[in-house]
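Starting from the known structure of chain A, fit chains B, C, D, E and F onto it as the hints suggest.
Protein chains in written order, with the working numbering: chain A, 1 to 75; chain B, 1 to 75; chain C, 1 to 75; chain D, 1 to 75; chain E, 1 to 75; chain F, 1 to 75.
No false leads were slipped in.
With a straight-line Cα cutoff of 30 Å, these simulated DSBU-like cross-link-like pairs (lysine-lysine) come out:
id, chain 1, residue 1, chain 2, residue 2
1, F, 23, C, 72
2, C, 35, B, 23
3, E, 23, A, 10
4, E, 35, A, 23
5, A, 35, E, 70
6, D, 10, B, 35
7, D, 10, F, 23
8, A, 75, E, 35
9, C, 35, E, 10
10, C, 10, F, 35
11, E, 35, A, 10
12, D, 23, F, 35
13, F, 10, D, 23
14, F, 10, E, 23
15, C, 70, F, 23
16, E, 35, A, 35
17, B, 35, C, 70
18, F, 10, E, 10
19, E, 10, C, 10
20, B, 35, F, 35
21, E, 35, B, 10
22, E, 10, A, 35
23, B, 23, D, 10
24, D, 35, C, 10
25, B, 23, C, 10
26, F, 10, A, 35
27, C, 35, B, 72
28, F, 10, B, 35
29, C, 35, B, 35
30, E, 35, D, 23
31, A, 70, D, 23
32, D, 10, B, 10
33, D, 35, F, 23
34, A, 70, E, 35
35, C, 10, A, 35
36, E, 10, A, 23
37, C, 23, A, 35
38, B, 10, A, 23
39, D, 35, F, 72
40, B, 70, C, 35
Source of the hints: derived by calculation from the structure; they are not laboratory data.
6 protein chains.
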Amino acid sequence: MPYVNIRITKEGATPEQKLELIKGSTELLQRVLNKNPATTFVIIDEVETDSWGLAGENITTLRAREAAEKAKEQK
Amino acid sequence: MPYVNIRITKEGATPEQKLELIKGSTELLQRVLNKNPATTFVIIDEVETDSWGLAGENITTLRAREAAEKAKEQK
Amino acid sequence: MPYVNIRITKEGATPEQKLELIKGSTELLQRVLNKNPATTFVIIDEVETDSWGLAGENITTLRAREAAEKAKEQK
Amino acid sequence: MPYVNIRITKEGATPEQKLELIKGSTELLQRVLNKNPATTFVIIDEVETDSWGLAGENITTLRAREAAEKAKEQK
Amino acid sequence: MPYVNIRITKEGATPEQKLELIKGSTELLQRVLNKNPATTFVIIDEVETDSWGLAGENITTLRAREAAEKAKEQK
Amino acid sequence: MPYVNIRITKEGATPEQKLELIKGSTELLQRVLNKNPATTFVIIDEVETDSWGLAGENITTLRAREAAEKAKEQK
Numbered sequence: 001m002p003y004v005n006i007r008i009t010k011e012g013a014t015p016e017q018k019l020e021l022i023k024g025s026t027e028l029l030q031r032v033l034n035k036n037p038a039t040t041f042v043i044i045d046e047v048e049t050d051s052w053g054l055a056g057e058n059i060t061t062l063r064a065r066e067a068a069e070k071a072k073e074q075k
Numbered sequence: 001m002p003y004v005n006i007r008i009t010k011e012g013a014t015p016e017q018k019l020e021l022i023k024g025s026t027e028l029l030q031r032v033l034n035k036n037p038a039t040t041f042v043i044i045d046e047v048e049t050d051s052w053g054l055a056g057e058n059i060t061t062l063r064a065r066e067a068a069e070k071a072k073e074q075k
Numbered sequence: 001m002p003y004v005n006i007r008i009t010k011e012g013a014t015p016e017q018k019l020e021l022i023k024g025s026t027e028l029l030q031r032v033l034n035k036n037p038a039t040t041f042v043i044i045d046e047v048e049t050d051s052w053g054l055a056g057e058n059i060t061t062l063r064a065r066e067a068a069e070k071a072k073e074q075k
Numbered sequence: 001m002p003y004v005n006i007r008i009t010k011e012g013a014t015p016e017q018k019l020e021l022i023k024g025s026t027e028l029l030q031r032v033l034n035k036n037p038a039t040t041f042v043i044i045d046e047v048e049t050d051s052w053g054l055a056g057e058n059i060t061t062l063r064a065r066e067a068a069e070k071a072k073e074q075k
Numbered sequence: 001m002p003y004v005n006i007r008i009t010k011e012g013a014t015p016e017q018k019l020e021l022i023k024g025s026t027e028l029l030q031r032v033l034n035k036n037p038a039t040t041f042v043i044i045d046e047v048e049t050d051s052w053g054l055a056g057e058n059i060t061t062l063r064a065r066e067a068a069e070k071a072k073e074q075k
Numbered sequence: 001m002p003y004v005n006i007r008i009t010k011e012g013a014t015p016e017q018k019l020e021l022i023k024g025s026t027e028l029l030q031r032v033l034n035k036n037p038a039t040t041f042v043i044i045d046e047v048e049t050d051s052w053g054l055a056g057e058n059i060t061t062l063r064a065r066e067a068a069e070k071a072k073e074q075k
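In isolation and in its complexed conformation, chain A is listed as follows (with noise of 0.2 Å):
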């Protein structure tokens, strides 16, 4: 009966692919622990970008950094 909780930024998962971290984990658990999956619970939260930080500052700048970077290849 595990529950597994995943955090991930609030960045346009789609259902199916929310559905595909939902069987992997399932099967993770069932594959290492031989966990029943009728009782696994997997639950996603997803986080606004200005919510979630990293080495002090927020993933809003974050990506606004590297989407600048990504620009600045690409000239």
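Using the frame of chain A, we list chains B, C, D, E and F on its own:
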């Protein structure tokens, strides 16, 4: 000073129902462990049915199947 | 299929008391939101009093002060 | 590689304030435990006031009472 | 930069099995959402069977019943 | 009434250091969002290095590699 986190699928729980969960959890902790209600936190998270998995499928699919079965029975 | 996480300080809750919390939470979700007990999870985390803070101090200190006050009153 | 999860009521925290929480938490972990900011995660969850309970009531009710008391004082 | 929290009952998962869960989750997030493994966190919590409830009973009781049934079948 | 959950690897944080984290988080929430310390919770979870994954490996392995590199440098 307990902390209670209740996670449910987002399927229309009303403010009144959420308040019942808050009151019920607070009373439960007081009754069983003599915890002080003044510092008992209850947080309810409502999760989209696409983001909650059980038995390797999402709750959106589970609810659709339940509804289809119910419709069949009623014929 | 609710998920309930109860976090309390580690101060001697017995298996019987924890079972009461499990039963009480499960019944609460069934009564208020008609949730199926068969897929209701309850997880209780017991946290060391040194690792739990309230009002900027840890619970170890809070409990020591409460005990000192009680001792004073009884003199 | 610490993980910090800050849960607050959804009452208008701005991106700038959330960034301050991200920076402040990251610095705190670095200062106290020498944790590497490059792998410090901070996630801020904002919770509806109807979904947060304290002392057996929800924060919506608490805020309404606080506002009423303030209004009375100002008369 | 996903965060994955896997909660299982404390029933003897080995470091090797836990590593498989870490690797499997990290690969899953990379495959499905192209998430960078370098900033993917996986935290595994092992919870005492007395502290985990399902269907209003604790897992200690569930495991005892499963063992009793198995013993009966083998007679 | 914020709730702060700090998760770190179990590598010898002292009660004094944990208290600094409690105080620092509580002050941060008060300074940035004017949150009342009296109802600010801070919970610190210490996680075994075998149970924490980063970049698809566990922290036990990461620490061993860091120690080996350090030893090499010092020769």
